[in-house]
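Asker: Working from the sequences, and respecting the hints, build out all of it.
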Amino acid sequence: MSYQPIRFYQTGTFTVGNRLLPEAQRSVQSGRERTNSLNSGHRACQGCGEALGARYAIDAAMAATNRQLVAANATGCLEVFSTPYPETSWQIPWIHSLFGNAAAVGTGIAAALRVQGKRDVRVVAQGGDGGTTDIGFGCLSGMFERNDDVLYICYDNEAYMNTGVQRSSATPPAARTNTTMPVGESTGARFGQGKNLPLIAMAHEIPYVATATVAELRDLEAKVRRAMEFRGARYIHVLVPCPLGWGHGSAETIKMARLAQETALFPVFEAEHGEVTNVSKLRRQLPVEDYLKPQSRFAHLFKPPGHADLIARIQALADRNVQRFGLVDAAEDAQ
Amino acid sequence: MLKQVEGSAAVAEAIALCRPQVICAYPISPQTHIVEALGRRVDAGELAPCEFINVESEFAAMSVAIGASATGARAYTATASQGLLFMAEAVYNAAGLGLPIVMTVANRAIGAPINIWNDHTDALSQRDCGWLQLFAEDNQEALDLHIQAFRLAEELSLPVMVCMDGFILTHAYERVDMPTQAQVDSYLPPYEPRQVLDPADPVSIGAMVGPEAFMEVRYLAHAKQQQALELIPAWADEFRRVFGRPSGGLVHEYRTSDADVIVVALGSVLGTIKDTVDMMRDEGLKIGVLGITCFRPWPAAAVRNSLQQAKRVVVLEKSLAVGMGGIVGNNVSASFSGSPDRVHTVIAGLGGRSITRGSLRRVFEQALADSLEPLTFLDLDRALVDRVLERERVQRRSGPIAEGILKDLGVVAAKLG
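Line by line, the protein sequences are chains E and V. FYI, our numbering numbers position 164 of the first sequence as 164, with every residue one higher than the one before it. In our numbering, each residue carries its 1-based index in the second sequence increased by 335.
Wrong hints could be hidden among the right ones.
Some chain V residues flagged as far from chain E (calculated, every beta-carbon gap over 10 Å) [to be verified]: (1) 380; (2) 445; (3) 506; (4) 509; (5) 512; (6) 590; (7) 636; (8) 717; (9) 729.
Among chain E residues calculated to face chain V with C-beta under 8 Å, some are [what the hints assert, rightly or not]: (10) 70; (11) 72; (12) 79; (13) 84; (14) 90; (15) 104; (16) 106; (17) 107; (18) 111; (19) 112; (20) 114.
Keep in mind the hints are simulated off the structure, nothing from the lab. Just so it is clear, CB atoms sit at the ideal spot from N, CA and C, and this is done for glycine as well.
Answerer: Now the structure itself:
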């Protein structure tokens, strides 16, 4: 019988969840040591970007801290779907107190750990965009300003999804939500509103601020690891598409996150002490229509006769991000 | 050791003796001197290891205390009035999570109209939040109750609110007997929580509980408060043994044994009431006093027992359930085994109005003569309110009540409207 050796020609590539890479290059999530901090069995929707982002972020934080981690969680989807009493998906010490106080609870945990001399135990506070940019904003700003030793992670799906898709201060202009319906003269969420929380975090001059998306999970892991190299207040803002609220297929979560980045509507960068230190460049900036069209929350922009003017305004926002963060290198742009 | 100090300084020193580990501070009058004094001690390194955190709101103060307590630290904060209302959501949360946080409430009125002076409407607005609520009669008791509060909180795994009258106690210089560190240490062992946020033994705290178990959780909160009714006197007895003086407990009786009329009250006004009662006793009038030290849990049996023989009960309270009457009065009526129409409520001292012996004597004499109304507002300017009410019968206006009075009086500010 003839013998033919099998060639693993994909060895050394990022396929099959990085498992064909040398151990040192593998992602936390593909490693045998991954902690499954947010374990299976939770009640998140199919294709939930937040569940994906939280699992990667917290597992990376566990890896970075040698599993010495405590988490405080704001009220919201992540809290509700992970802890339906008497069950819990969390494999780490975890507390949920209120919608608007996750950052302050994190401060309290950090203070207690300091008093107890547990310098190696680190604290993560986390919440959705509503719990971060709106109701939890006061506590978050206070935590930043005091430079408390807490990493705050915002999983941004751009609206109050847990209560049934209402506008938050992270909802993008023209998006349809149940409180910004495109009816009558209205064309969805208004232009000129909303908060850019990563920039607000930078204005506090905290040691580390980063943005990430669930399209680049290794990048998210790296940023969580980087954040854990600092002491003091740190902030990571992760874009997590929501199939329910955005109106895209549940298999298209990663694609939507990637399009948000590649249209430059969501700039991905790092900043230290108030200065941008690293930007994820775009090889080619895609037109915003590529991102808007597949989402039913923007469907009204494309219904005849269409809203070319609004799409142009959204394109201008993307172009401003390109300028502001230097997302496209001039040399590559020319090619 | 005997000292002549401000009430806030006495409380701060008592808190310091309790070895707090995390103190959250947000300024609001009249509790500010307490946290200022503690901040100085922490900064001087006298309380190490202890963290003093200047937070951005009362809501954050309680939230930081929640995080610290859930991680196993002895946590303390202080507030008053609007601050207590602003943190209300976290106040309920701390109780629901069973966290033994101790908080001073320097009792103060609630606006509008804004008013910084003393009454009890702030603390009583939170009467159903699940915290134990203890009311101090004087600065010695305020100091003592804080020490007992930590013991009770940690024994029961419940938060405790120690209420002391704003300005009347917090800013009054009185002689207090300051315990030694050894005494406090023997009464209050280090905090050993049964469940904490610890990577060595991960737990999830604060899950979403649905209809299938929520009733049971609430019932157990109630049952725990009922247990407190036994523990509070027990720990007050232990306090007397260690510190050599009586303090705390559920209620204090004063000259009630043969009294026809018993006056029920909370806090510092008990001093003025007792002076008035002493004067009336000297004249042979049968009147006594029941001081409520523990408002939550409500000591129904103790109140019933104390009031059993009284023909009339006068509840004198610095609080008002608007649209209903007395808050304390309602609680007393519910536990008084005699006819409810023998309970008279006197609303007094709202927003810091002085409660004088003369005014007290007037209503007490009416009670003895069976001529006291079921609900009385002590020293109310009847002519003023009647004028406003008369105008409103003719023409209703929208707008703030206080400024509406000015309009009636025709003073300058009214012309703005």
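Asker: Would the non-interface assignment of residue 590 of chain V survive a Cβ cutoff of 10 Å against chain E?
Answerer: Per Cβ check, residue 590 of chain V is outside 10 Å of chain E; nearest 46 Å; holds.
Asker: Holds or violated: is the Cβ of residue 112 of chain E closer than 8 Å to a Cβ in chain V?
Answerer: Check passed: Cβ of residue 112 of chain E comes within 4 Å of chain V, closer than 8 Å.
Asker: Evaluate the condition: distance from the CB of residue 509 of chain V to the nearest CB of chain E exceeds 10 Å.
Answerer: holds (32 Å)
Asker: Is the claim that residue 512 of chain V lies outside the interface with chain E correct, judged by CB distances over 10 Å?
Answerer: holds (30 Å)
Asker: Holds or violated: the hint that residue 107 of chain E contacts chain V, with Cβ atoms closer than 8 Å.
Answerer: holds (5 Å)
Asker: Does residue 111 of chain E meet its interface restraint, that is, does its C-beta lie within less than 8 Å of any C-beta in chain V?
Answerer: holds (4 Å)
Asker: Does residue 506 of chain V sit more than 10 Å from chain E, CB to CB?
Answerer: It holds; residue 506 of chain V is separated from chain E by about 28 Å at its closest Cβ, greater than 10 Å.
Asker: Mind verifying the non-interface call on residue 729 of chain V? Its CB should be farther than 10 Å from each CB in chain E.
Answerer: About 43 Å separates residue 729 of chain V from the closest Cβ of chain E, which puts it past 10 Å; holds.
Asker: Quick one, is the residue 72 of chain E hint okay against chain V at 8 Å, beta carbons?
Answerer: holds (6 Å)
Asker: Using 8 Å as the Cβ threshold, decide whether residue 90 of chain E counts as touching chain V.
Answerer: Where the cut-off is 8 Å and the nearest Cβ of chain V is about 5 Å from residue 90 of chain E, the hint holds.
Asker: Verify that the Cβ of residue 445 of chain V lies farther than 10 Å from every Cβ atom of chain E, and report whether the claim holds or is violated.
Answerer: About 21 Å separates residue 445 of chain V from the closest Cβ of chain E, which puts it past 10 Å; holds.
Asker: Looking at residue 636 of chain V again, its CB stays over 10 Å from all of chain E?
Answerer: Given a closest Cβ separation of 34 Å, the condition holds.
Hint compliance for this structure: no hint is broken.
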